[in-house]
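Asks: The primary structure of each chain is shown beneath.
2 protein chains.
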Amino acid sequence: MSLDDNEVPEETQEEIMRAVYDALREYGYADLTMQKIAEMTDKCKATIHYHYNTKEELLISFLDYLVSNFRDWTVKENADPLEKLNSLLDKMIFGGTNTSIEEHIDIHRALIELRSQAPYKEEIQEQTTRNEKHIRTVIADIIKEGIDQGVFRDVEPEKIAAMIFASLDGARIRRITTNEDFALEQIREALDDYINEFVLKN
Amino acid sequence: MSLDDNEVPEETQEEIMRAVYDALREYGYADLTMQKIAEMTDKCKATIHYHYNTKEELLISFLDYLVSNFRDWTVKENADPLEKLNSLLDKMIFGGTNTSIEEHIDIHRALIELRSQAPYKEEIQEQTTRNEKHIRTVIADIIKEGIDQGVFRDVEPEKIAAMIFASLDGARIRRITTNEDFALEQIREALDDYINEFVLKN
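As you go down the protein sequences, you meet chains A and B in turn.
Heads up: the first sequence is residues 1 to 202, going by our numbering.
Heads up: the second sequence is residues 1 to 202, going by our numbering.
Warning: the hint list may mix true and false statements.
Same chains, same names: a pair is fine if it fits in one copy or spans any two.
[As the list claims (entries may be wrong)] Dumping the calculated DMTMM-like pairs for lysine to aspartate or glutamate here, alpha-carbon to alpha-carbon at most 20 Å:
no., residue 1, residue 2
1, LYS159, GLU197
2, LYS133, GLU189
3, LYS121, GLU26
4, LYS121, ASP181
5, LYS144, GLU103
6, LYS133, GLU185
7, LYS91, GLU56
The set of hints was computed from the structure by calculation and includes no laboratory data.
Here the structure is a predicted model, which means the values were calculated and not measured.
Build the full structure now, drawing on both the sequences and the hints.
Replies: This is the structure we're talking about:
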């Protein structure tokens, strides 16, 4: 990032991003305003507008921020590929170590609203594409590692990563949009079967 | 359905449902109004309001209508279980015989918007739950049939149906919210592998 006048100092950025996160959880996407985001910080609305011209620009920064530490957040270093894959799936489905499942579901409830606007807003669509590509690449890299180490079958990493991500995402949306609370556990089990039978070398 | 005063005559219902479908494709969910729906028919807004008190009530009827002939629409009768499953997947992913893929994507673009409101609107959440249960039951029934006929492995039909539906739904949402046009084809292939390796008896 260049050091231009408009660059957001790291501490300010972190505070604003945390405020977007909290405001999305609290109000959802449709009712989100710059004012509500500002109220989650000790800054005024004008300060936030100074760094981010529009709500859309701010949300695109937020999507970028969300995925920026995805690999660190989900992938256990110094673990074998199967353990890496399982820890990633658990975190993607149930939330990270410091995130309750309710918080995880809350934020995805707002994100699915935001994502549903992607077809109408090109910049959101582009950022969504980058985010999902990044996540699928992390998954595919673990699969490649497993193949290289001879513990996974000679599958197509990108195709398997796409299948895993799609089923995860579908299950998450089912959990959010229906009253079937067991949706996540059911898919976690089905993914275990899929990986054991289809990816792992027996 | 009881023959009360408010029952919608079949022909009128068909016309209104078709109008909701066309209006959702054209305007999406956020910009949908009763007026815009009425303009897609030869009826006035008051007539539609006479049958459906609110836009939400109308949309719930529409969701119910969409899934009402799902089995007839997707399942080829007098076919073997594998053929039935494959024809269902093709139709769910790429649209029916009389529906272009663009039309199919258009309507799902609006449906994902509508579904993203389910967590905030209990009746929409309940109808969404019914619709998805119905679709998964149709898939699970085909799997049971295959197990009974000895052509499918002794898998858990509900779990497999959940995995198939989640991956289909995830792929559809990826196709709609990102610019990755090949998302549907990639998951169709991955599902073929899944069914061949995991469901079909070899």
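Asks: For every hint, state whether the structure bears it out.
Replies: These are the hints, each one checked on the structure:
1. LYS159 / GLU197: both (16 Å within a copy, 15 Å between copies)
2. LYS133 / GLU189: between (24 Å within a copy, 19 Å between copies)
3. LYS121 / GLU26: For LYS121 and GLU26, the Cα distance is within 20 Å only across copies (16 Å; inside one copy 23 Å).
4. LYS121 / ASP181: Between. Shortest inter-copy distance 17 Å satisfies the 20 Å Cα cut-off; intra-copy 31 Å does not.
5. LYS144 / GLU103: Neither, since 32 Å and 37 Å both go past 20 Å.
6. LYS133 / GLU185: between (25 Å within a copy, 16 Å between copies)
7. LYS91 / GLU56: For LYS91 and GLU56, neither the intra-copy (27 Å) nor the inter-copy (35 Å) Cα distance is at most 20 Å.
When each numbered hint is compared with the structure, violations occur for hints 5, 7.
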